[in-house]
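Participant: Each chain, written out:
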Amino acid sequence: MWPIFHKFGSPPWLYSISGAILRWLLPITLIALITGAIWGLLFTPAENVQGNSYRIIYIHVPAAVVALAGYYVMALAGAVSLIWRMKMADVAMKAAAPVGAAFTFIALFTGAVWGKPTWGTWWVWDARITSMLVLLFLYLGVVALYEAFDNKEAAGKACAVLSLVGMVNIPIIYKSVDWWYSLHQGASIKFTGETSIHSSMLYPLLLMIAAFYALFTCCLLLNMRAELLQREQRTQWVRKLIDKEVVN
Amino acid sequence: MSADSAGAPVLAARSLCLERGGRELFHDLSFDICAGQLWQIEGANGAGKTSLLRILCGLSRYGFDGQVERHVPLLYLGHQSALKALLTPRENLAFHVSGDSRYEDEKIESALSRVGLYGYEDVASHTLSAGQHRRVNLARLLLSDAPLWLLDEPFTAIDKAGVEELEALLVSQVAAGGSVVMTSHQTLNVDCDVRFLNLTTGLVA
Amino acid sequence: MYFDSLQAVLHMDGHGFYVWAAYAVTLVTLTATVIAPVLRRRRFLRQLAAQLKRAQGATAASARRIN
Amino acid sequence: MTAPGAGQFCMRLLRRQLLLAVRRPLEIGNPLLFFAMVVSLFPLGLGPSPQTLADFAPGVLWITALLSNLLTSDAVFRSDFDDGSLEQLLLAPQPLYLSVLAYIGAHWITTGLLLAIVSPVFALMLNLPGQGIAALMASLLIGTALLSLIGGIGAALTVGLKRGGMLISLLILPLYMPVLIFGTAAVQAAVTGFPAGPYLAILGAMLCLAIALAPVAMAAGLRISIDA
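Here the protein sequences line up with chains A, B, C and D, keeping their order.
Per this note's numbering: the first sequence = residues 599 to 846.
Per this note's numbering: the second sequence = residues 542 to 746.
Per this note's numbering: the third sequence = residues 9 to 75.
Per this note's numbering: the fourth sequence = residues 14 to 241.
For the record, the hints were derived by calculation from the structure and aren't laboratory data.
Here the structure is a predicted model, which is why all the values come from computation and not from measurement.
For every residue, glycine included, the Cβ atom is placed at its ideal position computed from N, Cα and C.
Check each hint, because a few of them may be wrong.
[Claimed, not checked] Sample of chain B residues at the chain A side, in silico, Cβ under 10 Å:
#1 E560
#2 Y603
#3 G604
With these hints in hand, go ahead and build the complete structure from the sequences.
Facilitator: Laid out in structure tokens, this is it:
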């Protein structure tokens, strides 16, 4: 296990392996996304209650799932960077924050657009939407804290602490918001479709969830590569890389 | 007193490397600081003297390579005086945050009068001058029984008499078997061996 | 295919605006998320290459600047 | 002479922080003044109808308390960072975990505790029904301690930054939300005649968790800030 761990700690290795992964993962992801979107938009039947507006589910649910998972990826990377002082974990954590924020934004926006035809309002202070909003704030907090530090190594550590604090708090926030909403709930609004989703609707959804996970990985790797270069700009391997990549 | 007779090191630096802003400040720096030694770290501005001292005392924990082993309690005086303007010198010493034991009142009084702050014990520190702030910190040196002192530019803002006093303090600390590591541009006028660590040339002498 | 015509696809029984708006914004956001690091990496590489070229041209000058 | 035990050192820090606060009474008065002024803004915005005010009172009082706590939390470590005391604290042989607890304790005593004590006056001004006042005080007592602990994390992470003031609110406001929810819920329950105990118990549980974990994060944050 340790040799692999050490390899992950080596920037040039990570840079080249991530490049190799991206070369096939990115096309596959794009194909999966396009297939899933076309399948969900054009080839699935309309939902009984919501009609065609439910088709937003094919981006809303995957974005929400991946946004939440992304926070845990970020916090775990932060923990690794704090405990084992692994610089590459730092890079991964920093790279995850803006990507996670983008996915959270998508989940929020599509949720709002979905809410208008379904509930007749753009925004409901529903437990899930509210905690998604909090998640966006947490992501933005990490991004803002990172940008505020001049010393990027300190920035990485500080963000790692913050993301761990956030990870402890996410379940608490979610539970308390959930409880708060059930206390104040006036008209009962429930997400439909999830409990009794038809398999013809389910398969494209699963495909989209997988594709979004893959896309998150791609974005994470792309961000890490950019960050790696910047951090390692004075090292020999980056110099060599420049000769190779820029001359061409 | 020589290094050979001094026994086990109180502080050991092992292959320290530090890079700041793309420039290597020092590379593969190893040395042992033993009891009864006085070390002066030299170097041009920006040579990394303060950075090295912060690494040695443990305030810098990452961003450098190498290990530091600390074997004894230490006392660190940085650029900042760590004095609260709203507290009097007496309170500043009595409530000091560095975790020393609580000093008795008489001890604080005698220390303050020894550093020339007799009569200033109970005025708010913000009325004191920068040099007097440094002198309160000298009183900390008098009170402390830490075997290792790490002093960052201790002579700044101190008048001639104060410099002599501080030099006498350093000598007595070394004579009592303690050790001192300090950064300074000044030539020390002390009658004990001074070891030099020049960060610009990388020489240990 | 569930819909009969392009018209029906765009209209989606009155929900077309919402569905297509959601997909469009998602597309834009995701594209930006993917493109941003690629651009950043490319810009950085170019910058660094230029910097190296300059350093090679004037080693002495750059040495003076650092000091 | 040996270094004092952790408990003794903690008490010394607590005394030091309280003494510093007493020496600058304006710092103690400011959050209270802020609380009073913001509370008096709400009737202007919501209208003077006693019923409206009474309905909104629990939320208004809690949000105002939260904001005034937020404003002061930036200063917990700031002056110690500026004059170098923080470096000395980090080098102290006593566990930093307990030392930061002492700082937070002093902060709570000079802000949250006082706020909880004066809150009934403002509760009456906002026409909060009498049966809610005890719950308000109790929830503020527990809740502001929680807020101070959470705010301390933000303060520790941003103390090394020159423009930390605005950033700290972005970092810690999301974490304040559960406290706000259960704090207002306790008051609302008491007003409507339900027991406030369960909500206070939840606040207490969160406080226990925060006491256990927040100092760890604060200590790590301070070490990072000092190192930056």
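Participant: So, against the hints stated earlier in the document, which numbers end up violated here?
Facilitator: none
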